[in-house]
Amino acid sequence: MMFVIAIPYLLNRSLVGAAPVRAGQVVTLGTFRYRPAPDWQIDRGASQRDLVSVLVKGATTYRLTPLGRQSSAVGAFKAAVRRYEATGHGRIGGDPASVSTARGLTGLVAPISGNTVAGTLTVLVAGGQGLGISLTARHTAPLTAEIADDVVTMLDSVEVVDS
Amino acid sequence: MSVAPLTDRRGRRDAGSIVQPTRAAFWLYPIVLGLGAASVVPNFIRLSSAAPSGAIVLSVVVHTLWLIPALAVTTHLDLFEREPPAFCVAAVLWGGVVATGFALVANDNVLSYLAKLDPKFATDWGASISAPVVEETLKLLGVVVLILINRRVFESVLDGFVFGALVGLGFQVVENIMYALNAAIQAGETWTGGIMASFFVRAVVNGLWSHAAFTAMTGAGAAYVLVGVRRPLAVRLAAAGALYTVAWGLHFVNNSPLPEIVLGRTDWYLTIVQIVLNGLVVLAVASFVYRCAARQEYRWFAQAVGDEPELLPLRELAALASNKTRKMAVEAARREHGRKAAWAQSRLQRAQLGYGVALARSADPATDPGVARWHRRIDRARAQVRAADTEPPESPGAPTQHARVRSELPEVP
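Order-wise, the sequence lines are chains A and B.
Residue numbers for the first sequence follow this note's numbering, so the first one is 137 and each next one is one higher.
Residue numbers for the second sequence follow this note's numbering, so the first one is 5 and each next one is one higher.
Take the hints with a grain of salt, since some may be wrong.
What the hints assert, rightly or not - One side of the interface only, derived from the structure: several residues of chain B facing chain A at Cβ under 10 Å: (1) Q24; (2) I49; (3) S52; (4) L145; (5) E193.
To be verified - Far from chain B, by Cβ distances over 10 Å, these chain A residues were calculated: (6) V140; (7) L151; (8) V152; (9) R169; (10) Q184; (11) L187; (12) L203; (13) A212; (14) A215; (15) E221; (16) G229; (17) E295; (18) V296.
Said to hold, decoys possible - Residues of chain A placed beyond 12 Å of chain B at every Cβ, according to the derived structure: (19) A154; (20) I178; (21) A195; (22) T197; (23) T201; (24) G230; (25) G250; (26) N251; (27) D292.
I should point out that these hints are in silico values taken from the structure, not numbers from a laboratory.
Just so you know, even glycine gets a beta-carbon here, dropped at the ideal spot from N, CA and C.
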C-alpha cells in the first residue's frame with residue numbers, strides 16, 4: 137500500500153516542474169487569456185489547462201484561476217477570498233480597492249497577509265466571468281521593482297477570449 | 005433476499021465478527037483508516053471552505069440520497085445469506101476514507117509528474133494512466149484486508165463481489181462529493197447548477213457501473229483465490245489477475261480520450277456516447293462475473309439441500325436460484341391464490357434459504373438446533389402456503405373486505 141503512495145511521490149519529487157516562458161506564449165484560462173512575462177517560469181506541476189496557471193520567479197508566485205460565472209466584482213472578490221483563504225496560506229486584509237487594466241477590464245484588489253507570505257489578491261470581471269489573480273512572495277524575499285513591473289504588464293495583458 | 009446470520013460449524017453466531025484481536029489486519033485497519041482520514045478530512049475542509057456556503061450540504065444530501073438505494077441493491081446481491089453489517093460498514097469506510105485518502109495523494113503526484121514531463125499529455129491521458137492503477141489497487145486492498153481480518157466471512161466468490169462493490173461504492177460517493185464541490189467552486193454564481201450537473205453525470209448516468217462494478221470484479225477475483233480450492237493456485241491467481249486486468253482496462257477506457265479520438269468530436273454527443281458505451285460494457289462484464297459467481301453459490305446451496313425433497317422439492321429449489329426466479333414464484337402464488345398465498349410463499353422461501361445455509365454449515369445436522377429451528381420454520385410456512393392455497397383466488401374486480409362490509413350496511417336516507 138505504501139508503494140502506491142511512495143512511488144508516485146518519489147517520481148514527482150525527482151523532476152523540477154518549472155519550465156521557462158516561451159517568447160510570445162499565451163495562456164488561456166476559460167474565457168480569459170494572458171501573456172506571461174519572459175524571465176518567469178511556468179510551474180507545470182501546479183498548472184492545469186483551463187483551470188489554473190501558476191508562474192514563479194524566485195520566491196514569488198503568480199497564480200491565475202477562473203472564478204466561473206460572476207456578475208459583479210464584489211461577488212467575484214468574495215469567491216476569490218474564499219478560495220485563497222481555504223488554502224491556509226494567508227488571509228485577505230482591509231477593504232478592496234478598485235483596479236482597471238490597460239485593456240479596460242475592471243475589478244478589485246486587496247492585500248494578502250500570512251505568516252510566511254505577503255502579496256495581493258486581484259479579481260477581474262468581464263463578460264459575466266471572473267478571474268482571480270494572487271501574487272505572493274515569501275517575507276524573506278520582498279517584491280522588487282522588476283517583479284512589480286512584470287506583474288503590471290501581465291495584468292494589462294489579460295483579455296477576454298471572445299473579444 | 006437475505007437470511008441467516010453467519011454461524012460456524014459449531015453453531016456460534018459470532019463467526020462473522022470483525023473483532024479479531026489475534027489477526028494483524030484487525031489492528032492494521034484502524035491505522036490506515038486514520039491515515040486515510042488525515043488526507044480526506046483536510047481536503048473536505050479546504051473544498052467546503054472554498055465553495056459557496058450551502059454547497060457541502062447540497063452535495064452531501066444528493067449523494068446520500070443516491071447512496072441509500074445503491075447500498076440496498078448491493079447488499080441484496082448475495083443470494084443466500086446476509087453479509088455481517090460490521091464488515092459492510094468496514095468495506096464502505098475503506099472505499100470512502102482509506103482508498104480515497106491514499107488515492108488523492110497518489111493521483112496528485114502522478115498527475116503532477118506527468119504534467120512536468122508534458123502538460124498536454126498529462127491533461128489528455130493523465131487520469132487514464134493514474135486512476136486505474138492507483139484506485140483499483142487501493143480498493144482491491146480493502147477486500148484483501150477484510151479477508152485477512154476474518155476469512156470465514158468470505159465463503160464464496162459472490163462474497164468477494166459484494167464486498168468489492170461496497171468498497172467501490174464508498175469510494176465513488178466520497179469522490180463524487182469532492183467532484184461536486186469542485187464543480188461548485190468552478191461554476192461561480194451558478195454553483196447549484198454545477199453540483200447538480202456533476203451529480204447527474206457522475207452518479208446518475210455513471211451509476212453503479214463505474215467504481216462499484218470495477219471493484220466488484222477485482223473483489224470476486226480475490227475471493228476466488230481464497231475459495232476456489234479445487235483449482236490449482238496458479239489458475240486461481242491467473243483468474244484474479246484477469247479480472248483485475250479487465251477492471252483496470254475498463255477504468256482506463258472510461259477515463260481516456262479514446263472515444264474523442266475515434267469519433268473526432270468533443271461536444272455533448274461525445275460525452276453521451278462515451279457514458280452510454282462505457283456504462284453498457286462495464287455493466288455487461290460485471291453482470292457476467294456476477295452470474296458466474298451466483299451460479300457457483302447456487303450449486304453450493306443445491307448440493308447442501310439436494311437430499312431433502314420433502315422440505316425442498318425440485319421445483320421450489322429451482323425457484324430459489326435467483327432473486328428474479330423467487331419473485332416469479334411469489335408472483336405466481338399471488339396470481340393463483342391471492343396476496344396471502346404470495347406472503348406465505350415468500351416466507352417459505354426465506355425458511356428454505358435459512359435451512360439450506362444452516363445445513364451447509366452444520367457439522368452434525370441431525371443434532372444441530374439451528375438446523376432444527378429452520379426445519380420447523382419450513383413446516384410452519386408450508387402449512388400457511390397450504391392454508392392459503394385452499395382459499396378462493398382473488399379476482400382483480402372482486403370487492404375488497406372493506407367494500408363488502410360497506411355494501412352490507414343499511415342505506416342512510
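Structure-based check of all given hints:
no., hint, result
1, Q24, "violated, 19 Å"
2, I49, "holds, 8 Å"
3, S52, "holds, 8 Å"
4, L145, "holds, 6 Å"
5, E193, "holds, 5 Å"
6, V140, "violated, 5 Å"
7, L151, "violated, 4 Å"
8, V152, "violated, 7 Å"
9, R169, "holds, 16 Å"
10, Q184, "violated, 7 Å"
11, L187, "violated, 7 Å"
12, L203, "violated, 5 Å"
13, A212, "violated, 8 Å"
14, A215, "violated, 6 Å"
15, E221, "violated, 7 Å"
16, G229, "holds, 17 Å"
17, E295, "holds, 19 Å"
18, V296, "holds, 15 Å"
19, A154, "violated, 9 Å"
20, I178, "violated, 8 Å"
21, A195, "holds, 20 Å"
22, T197, "holds, 16 Å"
23, T201, "violated, 9 Å"
24, G230, "holds, 20 Å"
25, G250, "holds, 15 Å"
26, N251, "holds, 18 Å"
27, D292, "holds, 24 Å"
Consistency with the previously given hints fails for numbers 1, 6, 7, 8, 10, 11, 12, 13, 14, 15, 19, 20 and 23, ordered from lowest to highest.
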